[in-house]
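Participant: Given next are the chains, with one letter for each unit.
Number of protein chains: 2
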Amino acid sequence: MAIQHTVVFRLVHEPGSHEESAFLATARDVLASIPGVEDFTVSRQISPKSDLVWQFSMSFADQSGYDAYNSHPGHVGFVESRWVPEVASFQEYDFVGLDGGC
Amino acid sequence: MAIQHTVVFRLVHEPGSHEESAFLATARDVLASIPGVEDFTVSRQISPKSDLVWQFSMSFADQSGYDAYNSHPGHVGFVESRWVPEVASFQEYDFVGLDGGC
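Residue numbers (numbering that gives the first Met the number 0), protein chains in the order written: chain S, 0 to 101; chain R, 0 to 101.
Everything labelled a hint here was simulated from the structure, so no lab data went into it. One or more of the hints may lead you astray.
Which copy is meant is left open, because identical chains are indistinguishable; a pair holds if it fits in one copy or across any two.
With a Cα cut of at most 20 Å, we get these calculated SDA-like pairs of lysine to any residue [what the hints assert, rightly or not]:
id	residue 1	residue 2
1	Lys48	Pro14
2	Lys48	Tyr68
3	Lys48	His74
4	Lys48	Glu79
5	Lys48	Ala31
6	Lys48	Arg9
7	Lys48	Phe89
8	Lys48	Glu91
9	Lys48	Asp38
10	Lys48	Asp61
11	Lys48	Ser63
12	Lys48	Ala24
13	Lys48	Val83
14	Lys48	Asp28
15	Lys48	Gly64
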């Protein structure tokens, strides 16, 4: 059962700043290379109905892949060293399609 | 610029109820057939970090397709007759990928 793991977030950095770009680039480098992570994407969230402006999305083939990601040192280290100090607000959602799709 | 329009929500109905199934089926029938709607999917939201338990996702080729959907009588009628009375809570997000993907 494939799982799409997503997080929508807002950084403490100024939009368009070097710090913003550096955070997104490091996240991609670190997280997308963790075994089991598929289809890692970075998107802008553009609806004015939310003040969260970025999204990371990735897919796992099954729950065991998701669990392995959560406990992987690359993920744990990224959360501690970058996510906690640089993210102002966020919301996680995990999706399982009823009918295929993303 | 393709836009992924999403809404995460919770119904007033009991999980597994006929009313829940009917809502999801009607939404698919009505919304997925509106011109410009692509890749309409229904997903379960399974993270315990949110109390919203369903997601609709659809894509539009550009902003004009999204605008046409919003003002289409099928969408307006569904919102008035089904969404407002049957949805307990929801959050919209719209995504534009930086690097392709869903």
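Participant: Just pull the numbers of the violated hints for me, sorted ascending.
Facilitator: Checked against the structure, the hints that fail are numbers 5, 9, 12 and 14, while the rest are satisfied.
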